[in-house]
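> Those protein sequence lines, which keep their order, are chains A and B. With my numbering, the residue at position 79 of the first sequence is 79, and numbering never jumps. With my numbering, the residue at position 179 of the second sequence is 179, and numbering never jumps.
Careful, some of the hints might be misleading.
[Unchecked claim] Facing chain A, from chain B, some residues (calculated, C-beta under 8 Å):
| no. | residue |
| --- | --- |
| 1 | Pro81 |
| 2 | Arg84 |
| 3 | Lys103 |
Keep in mind that the hints were calculated from the coordinates and are not lab data. All residues carry an ideal CB built from backbone N, CA and C; glycine is no exception.
Given next are the chains, with one letter for each unit.
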Amino acid sequence: MGKVALIAWHEFKKSVFRRRFLIVLLIPVLIGLGTSIVGFVTVSALGRFEAGKIGYLDPTHLLDKARNAPDEAFVFTPFASEDSAKAALVRGDIKGIIRPASDFASSGNVDLVYWRDKPDKDVGAAFGRFRDSALLSGQPDAIKNRITSDVSFTYQTPDQARSKNDTDLPAFIVPLVLTVLFIIALFGGAQYLMQAVLDEKENRMMEIVVTSVTPTQLMAGKVTGLGAVGMLQMLIWLVVVAIVLAVLGSRVPVLQTVSLKPDVVALALVLFGLQYVTLGACMAAIGSMVTDAKQGQNYASPFTLIAMSPLWFSAVILFDPNGVLAVILSLFPLTAPVTLILRYGMVSVPVWQIAVALTLQVLAAAGAIWLAGRIFHVGMLRFDKGVKWRELAESIRF
Amino acid sequence: MDNTTIAVSSLAKAFGKAQAVRDVSFEVVKGEIFGLLGPNGAGKTTTIRIILDIYKPDHGQVSVLGGPMTERKKEHIGYLPEERGLYKDMRVDECVTYLAELKGVPQAEAKKRADGYFERLGLASDKRKKVSEFSKGMQQKVQIITTLLHQPELVIIDEPFSGLDPVNTRLVQDLLLEEHKRGTTIVMSTHQMYQVEEMCDRIVLIDRGVSVLYGGVADIRHKYAENAVRVTAQGPLPALDGAVETSRKGNTHTFTLPKDLSPQALLAKLASAPGLTVESFELALPTMDDIFVKVVSGDGQGAREPGRQVDR
Numbered sequence: 001m002g003k004v005a006l007i008a009w010h011e012f013k014k015s016v017f018r019r020r021f022l023i024v025l026l027i028p029v030l031i032g033l034g035t036s037i038v039g040f041v042t043v044s045a046l047g048r049f050e051a052g053k054i055g056y057l058d059p060t061h062l063l064d065k066a067r068n069a070p071d072e073a074f075v076f077t078p079f080a081s082e083d084s085a086k087a088a089l090v091r092g093d094i095k096g097i098i099r100p101a102s103d104f105a106s107s108g109n110v111d112l113v114y115w116r117d118k119p120d121k122d123v124g125a126a127f128g129r130f131r132d133s134a135l136l137s138g139q140p141d142a143i144k145n146r147i148t149s150d151v152s153f154t155y156q157t158p159d160q161a162r163s164k165n166d167t168d169l170p171a172f173i174v175p176l177v178l179t180v181l182f183i184i185a186l187f188g189g190a191q192y193l194m195q196a197v198l199d200e201k202e203n204r205m206m207e208i209v210v211t212s213v214t215p216t217q218l219m220a221g222k223v224t225g226l227g228a229v230g231m232l233q234m235l236i237w238l239v240v241v242a243i244v245l246a247v248l249g250s251r252v253p254v255l256q257t258v259s260l261k262p263d264v265v266a267l268a269l270v271l272f273g274l275q276y277v278t279l280g281a282c283m284a285a286i287g288s289m290v291t292d293a294k295q296g297q298n299y300a301s302p303f304t305l306i307a308m309s310p311l312w313f314s315a316v317i318l319f320d321p322n323g324v325l326a327v328i329l330s331l332f333p334l335t336a337p338v339t340l341i342l343r344y345g346m347v348s349v350p351v352w353q354i355a356v357a358l359t360l361q362v363l364a365a366a367g368a369i370w371l372a373g374r375i376f377h378v379g380m381l382r383f384d385k386g387v388k389w390r391e392l393a394e395s396i397r398f
Numbered sequence: 001m002d003n004t005t006i007a008v009s010s011l012a013k014a015f016g017k018a019q020a021v022r023d024v025s026f027e028v029v030k031g032e033i034f035g036l037l038g039p040n041g042a043g044k045t046t047t048i049r050i051i052l053d054i055y056k057p058d059h060g061q062v063s064v065l066g067g068p069m070t071e072r073k074k075e076h077i078g079y080l081p082e083e084r085g086l087y088k089d090m091r092v093d094e095c096v097t098y099l100a101e102l103k104g105v106p107q108a109e110a111k112k113r114a115d116g117y118f119e120r121l122g123l124a125s126d127k128r129k130k131v132s133e134f135s136k137g138m139q140q141k142v143q144i145i146t147t148l149l150h151q152p153e154l155v156i157i158d159e160p161f162s163g164l165d166p167v168n169t170r171l172v173q174d175l176l177l178e179e180h181k182r183g184t185t186i187v188m189s190t191h192q193m194y195q196v197e198e199m200c201d202r203i204v205l206i207d208r209g210v211s212v213l214y215g216g217v218a219d220i221r222h223k224y225a226e227n228a229v230r231v232t233a234q235g236p237l238p239a240l241d242g243a244v245e246t247s248r249k250g251n252t253h254t255f256t257l258p259k260d261l262s263p264q265a266l267l268a269k270l271a272s273a274p275g276l277t278v279e280s281f282e283l284a285l286p287t288m289d290d291i292f293v294k295v296v297s298g299d300g301q302g303a304r305e306p307g308r309q310v311d312r
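Go ahead and model the full structure; you've got the sequences and the hints to work with.
Quick look at the structure:
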């Protein structure tokens, strides 16, 4: 086994067969599950509170032929008089009373009267559907469905390669989830790489190891090994997401519009893998320069902020996916992966932009590993003091 | 020279304004045990790191195993620095195997050799423990194993006996001597002068970045020997004209002789003295400790001059 591969496998084993790896792997899953469960329970509970009987007054008898739909949350019940409706309201038999407003004749408005808890705002739409059922009584079902159904738009790229309905989940949801998962894996792994280099210095292993391998081999091995850990995390999360979509898709119709397209996943894995190598090498270089993790965090912050910046500008990118800012961020190595994946969900990204971004990513990754090796060479034996910025410039000439 | 393992010539290295090494030159012959000596801050560690290509020299030439250092040659070199460690969170056997694999030893072979060393050094029953669970002395022994496991041609070892009790010191010493018998060249940096006397064939003494003493241990001791003898005898000593007794311990007397009185003449006089039984008679050679202090404190023969080799 080549030495780079040996070091990479050593780092991979050291990370994966550890409790810490499982914890980092499970955190997004648990957060996602927890959020889903809490949301589901909340919505269900609210629904239970908010659903129920609503009384109405119909002096004009326009609603005599109205029928409650079986899948509606609200059930509308007629009352002959306002007094009897109010008595039922006070008793709690109904949650509210719909009665004609004072200007009903000219405006057609109705009032909603309630006792304590205001019924859900959807009661208006539900009552509208209840009213429509009266107006459409006697019509064929096909006419009823056509009139009561919402208008649905379908958006398509000019080359018809991609299309989306407005009932589908927004197209950027999957790319956004991918980028969030990647950022979690990226920063966790990159931080760990910085700490791994610091640990090598603290363990006083540096001087022995560099008499077996070159600094560049050591850096390449560490970055590759921990990059593989990050990719494994991403793959596991993607598999979990795919399983969840497959299981829940049949129960939650809107999820059926979500899919993990192979081209998006493949592009994401390649881009993120390269960025992992670049950022990981930067973190390893920082670990070589400093003497403790706190100092390392300070130096690492600018890289972290730059890599996350497309998320800050996500509204701009999503609003104008082919704009100047989006294109620039798509080409700059530290921001390219997140930006390109966000755009890929919205528009057809020109092939040349993807090609240029990939090329720059490869060059950035190679350059970062080389530079990390140089900086490592200067800083590896600095156990008690860090590397000054002036010495960094000299290290490139070494 | 064909049998030269290391050749260092006029080495110089500065770190900023600090001149760590000014002018160091020496050669290490294949198969010998070579002592690299000097007070703290003399430039020994910097010299070692230059030899191992961890640092590049500002001036001078270094040749290792027949030429400039290459990555391939590193697999034939075992190095144990003074500031050393192990991967604390790894199992001992895995740590040793991994470091051997980095030296090009196949995994199966590395495990086999490691087990042999663990048995030899009394670590077999603990080899599956984490390094952090080992005492300092046990970790030292593991570090020695990692230095020797890949059967290097050249071993450079800084303070090999540091932190070891006498039993383990003897163990490590025996290991190094076995390597020496195998033909391994050993460069040893140590402050334990008695170890230098016991083990080293030749030495170089570096002080303030300059090599100030260089040559065979026996030759150096003879060179720094004053005209002195050590005699152990029972009975009354005769009058010894000109000889001055400089120390006495029980029946052992140390005499400094005048220039006109040779040790042989004194022996003849003692042998013929009535009532005196001479039990031992030897030239009182100075210890390496004495020579070290003398040279470093500036009292040594052959004043320090940059680039001058005092002895070869």
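> Work down the list of hints and note, for each, if the structure agrees.
Okay, the hints, checked on the actual structure:
1. Proximity of Pro81 of chain B to chain A holds as hinted, the smallest CB-CB distance being about 4 Å (cut-off 8 Å).
2. Here the hint on Arg84 of chain B is kept, as its CB sits about 6 Å from the closest CB of chain A, short of 8 Å.
3. At its closest, the beta carbon of Lys103 of chain B sits 5 Å from a beta carbon of chain A; the interface hint therefore holds under the 8 Å criterion.
In this structure, every one of the numbered hints holds.
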